[in-house]
Amino acid sequence: MGTVILGTGSCLPKRVVTNVELESVVETDDEWIRTRTGIVTRRVSGKGEHTYQLAAEAARRALAAADVSPEEIGLVVVGTISSHMQMPSSACFVQDEIGAVNAFAYDLNAACSGFLFGLDLADKYISLDHSMKVLIIGAEALSSRLDYKDRNTCILFGDGAGAAVLGYSDSDRGIIGTHMLSDGSLWKLLHMHGPESSNPDLAEENWTGAYIRMEGREVFKHAIRAMEGSVRSLLESEGISLDSVDLVIPHQANTRILNKLIKRLELPQRKVFINVPKYGNTSAASIPIALDEANDSGLIAKGDTVLFCSFGGGFTWGAALIKW
Numbered sequence: 001m002g003t004v005i006l007g008t009g010s011c012l013p014k015r016v017v018t019n020v021e022l023e024s025v026v027e028t029d030d031e032w033i034r035t036r037t038g039i040v041t042r043r044v045s046g047k048g049e050h051t052y053q054l055a056a057e058a059a060r061r062a063l064a065a066a067d068v069s070p071e072e073i074g075l076v077v078v079g080t081i082s083s084h085m086q087m088p089s090s091a092c093f094v095q096d097e098i099g100a101v102n103a104f105a106y107d108l109n110a111a112c113s114g115f116l117f118g119l120d121l122a123d124k125y126i127s128l129d130h131s132m133k134v135l136i137i138g139a140e141a142l143s144s145r146l147d148y149k150d151r152n153t154c155i156l157f158g159d160g161a162g163a164a165v166l167g168y169s170d171s172d173r174g175i176i177g178t179h180m181l182s183d184g185s186l187w188k189l190l191h192m193h194g195p196e197s198s199n200p201d202l203a204e205e206n207w208t209g210a211y212i213r214m215e216g217r218e219v220f221k222h223a224i225r226a227m228e229g230s231v232r233s234l235l236e237s238e239g240i241s242l243d244s245v246d247l248v249i250p251h252q253a254n255t256r257i258l259n260k261l262i263k264r265l266e267l268p269q270r271k272v273f274i275n276v277p278k279y280g281n282t283s284a285a286s287i288p289i290a291l292d293e294a295n296d297s298g299l300i301a302k303g304d305t306v307l308f309c310s311f312g313g314g315f316t317w318g319a320a321l322i323k324w
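Under the numbering used here, the residue at position 273 of the sequence shown is numbered 273, and the numbers go up by one with no gaps.
It should be emphasised that the hints constitute simulated quantities derived from the structure, not laboratory data. Treat the numbers as computed from the prediction; the structure is a model and nothing was measured. Note that beta-carbon positions come from the ideal geometry of N, C-alpha and C, so glycine has one too. There could be a bad hint or two in this list.
With beta-carbon atoms standing in for the labels, derived distance ranges [what the hints assert, rightly or not]: (1) R225 / M1: 44 to 50 Å; (2) K124 / K302: 21 to 27 Å; (3) E266 / S127: 31 to 37 Å; (4) S69 / M1: 51 to 57 Å; (5) L128 / T208: 42 to 48 Å; (6) N259 / D183: 22 to 28 Å; (7) V25 / E204: 43 to 49 Å.
Here are the computed lysine-lysine pairs in the DSS-like style, where the Cα-Cα straight-line distance is at most 27 Å [what the hints assert, rightly or not]: (8) K14 / K221; (9) K302 / K323; (10) K323 / K263; (11) K323 / K124; (12) K124 / K188; (13) K188 / K302; (14) K271 / K260; (15) K14 / K47; (16) K278 / K263; (17) K302 / K271; (18) K278 / K47; (19) K271 / K221; (20) K260 / K323; (21) K149 / K221; (22) K278 / K149; (23) K14 / K124; (24) K188 / K149; (25) K323 / K271; (26) K302 / K221; (27) K124 / K47; (28) K278 / K260; (29) K14 / K278; (30) K188 / K221; (31) K260 / K221.
The whole structure should be built from the sequences, with the hints applied where relevant.
Here is the structure:
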């Protein structure tokens, strides 16, 4: 008995940007990007594809899959670091777009771990009120936050949104457990400044724009250790072996990180869902987009044990287990 995913949905911008196209923007080439990241294409938002608009369409599709009306939703949470406005939240825009008139709404900033942190929140709300239905969305328009002179970041990220509707079930299905962690002391390794301060006393030194900045090698090392640790800790606390997990859906950072994680956990490749070559790193949207694709492709059957893990700026990281 517990919190179950009733339906999933996703939405991706129409424009596909290839590695070859990026060759005319920044000093790089297709082979360099493929060998270091595994990324081949990514989606980039155009007009009418703001973060909240992608999120709203993903939400509509998740609601339709769950056969739940917008009026039944009690809470809307959007995990994002690229809302088109500082205020109101993307979640408030989504609430209005889909007509979730009975919900309260807010954004959650945990970078790439945003969707997992949202799942954890939803589970706690629903455990207290079994009648509640929660809409969790991961959505990003990271193309609006990239420095296209920095090849270490601009080649990695893409735009998109994924959503899940959660509710209560008295069956043996549901969220088994979660394990969430943070370490704010390492923020400089992966961060993004806000707009330039209009108060000189509060201005950031060496402000170079509201762009994603990353120390790639250090992030690589921390990401693998953190995700492996959170997965092992969660499995141990729940008394579940990795062999009994049917599908692993990790944050789609890049293939080097994913392949290293797979090797460290000694996972069969067939058990790990990977779509990063098509979409790049979509931050908070990566897990819900992957989840929706796996679900839509019939890769998840009722009763399957599904494992999620993520790592993002903050640092934030964690893992979640669910019986489908």
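Hint-by-hint comparison with the structure:
Evaluation of the 44 to 50 Å hint for R225 and M1 yields a failure: the beta carbon distance comes to about 34 Å. Between K124 and K302 the Cβ separation comes to about 24 Å, which falls inside the hinted range of 21 to 27 Å. Checked against the hint of 31 to 37 Å, the C-beta distance between E266 and S127 comes to roughly 33 Å, which is consistent with it. Taken as a hint, the range 51 to 57 Å is violated for the pair S69 and M1, whose Cβ atoms sit roughly 24 Å apart.
Look at L128 against T208: about 44 Å separates their beta carbons, and that is inside 42 to 48 Å. Here the CB-CB span from N259 to D183 is close to 24 Å, well matched to the stated 22 to 28 Å. Distance hint for V25 and E204: a CB-CB separation of about 26 Å, inconsistent with the stated range 43 to 49 Å. The hinted pair formed by K14 and K221 fails the criterion: a straight-line CA distance of about 34 Å is larger than 27 Å.
Proximity of K302 to K323 is assessed by CA-CA distance (about 8 Å); at most 27 Å being required, the pair is judged to hold. For the given pair, K323 sits about 24 Å from K263 by alpha-carbon distance, which is consistent with the 27 Å threshold. Simply put, K323 and K124 have alpha-carbon atoms about 17 Å apart, close enough for the 27 Å limit, and the pair holds. Between K124 and K188 the alpha-carbon distance is near 31 Å, which puts this suggested pair outside the 27 Å criterion.
Distance check on the hinted pair: K188 and K302 sit about 42 Å apart at the alpha-carbon level, beyond 27 Å; violated. At roughly 15 Å between alpha-carbon atoms, K271 and K260 fall within 27 Å of each other, so this suggested pair holds. Distance check on the hinted pair: K14 and K47 sit about 10 Å apart at the alpha-carbon level, within 27 Å; holds. At roughly 22 Å between alpha-carbon atoms, K278 and K263 fall within 27 Å of each other, so this suggested pair holds.
Our distance criterion of 27 Å between C-alpha atoms is met by K302 and K271, whose separation comes to about 16 Å. Between K278 and K47 the alpha-carbon distance is near 21 Å, which keeps this suggested pair within the 27 Å criterion. About 23 Å separates the Cα atoms of K271 and K221, which keeps this hinted pair within 27 Å; it holds. Straight-line distance between C-alpha atoms of K260 and K323 comes to about 26 Å, which keeps the hinted pair within the 27 Å bound.
For the suggested pair K149 and K221, the alpha carbons sit about 24 Å apart, so the restraint of at most 27 Å is met. The hinted pair formed by K278 and K149 meets the criterion: a straight-line CA distance of about 22 Å does not exceed 27 Å. Our distance criterion of 27 Å between C-alpha atoms is broken by K14 and K124, whose separation comes to about 35 Å. Taking the CA atoms of K188 and K149, the gap is near 19 Å; set against the 27 Å cutoff, the hint holds.
Distance restraint check for K323 and K271: the Cα-Cα separation of roughly 15 Å lies within the 27 Å cut-off, and the hinted pair is therefore satisfied. At most 27 Å may separate the alpha-carbon atoms for a hinted pair to count; K302 and K221 exceed this at roughly 35 Å. For the hint linking K124 to K47, the alpha-carbon distance of about 37 Å lies beyond 27 Å, and the restraint is violated. In summary, the hint linking K278 to K260 is supported, as the alpha carbons are separated by about 19 Å, within the 27 Å threshold.
A hinted pair counts as satisfied when its Cα atoms are at most 27 Å apart, and K14 with K278 qualifies at roughly 13 Å. Note on K188 and K221: the hinted pairing holds, with a Cα-Cα distance of about 15 Å set against a maximum of 27 Å. Distance restraint check for K260 and K221: the Cα-Cα separation of roughly 10 Å lies within the 27 Å cut-off, and the hinted pair is therefore satisfied.
This entry does not satisfy hints 1, 4, 7, 8, 12, 13, 23, 26 and 27, going by the numbered hints stated previously.
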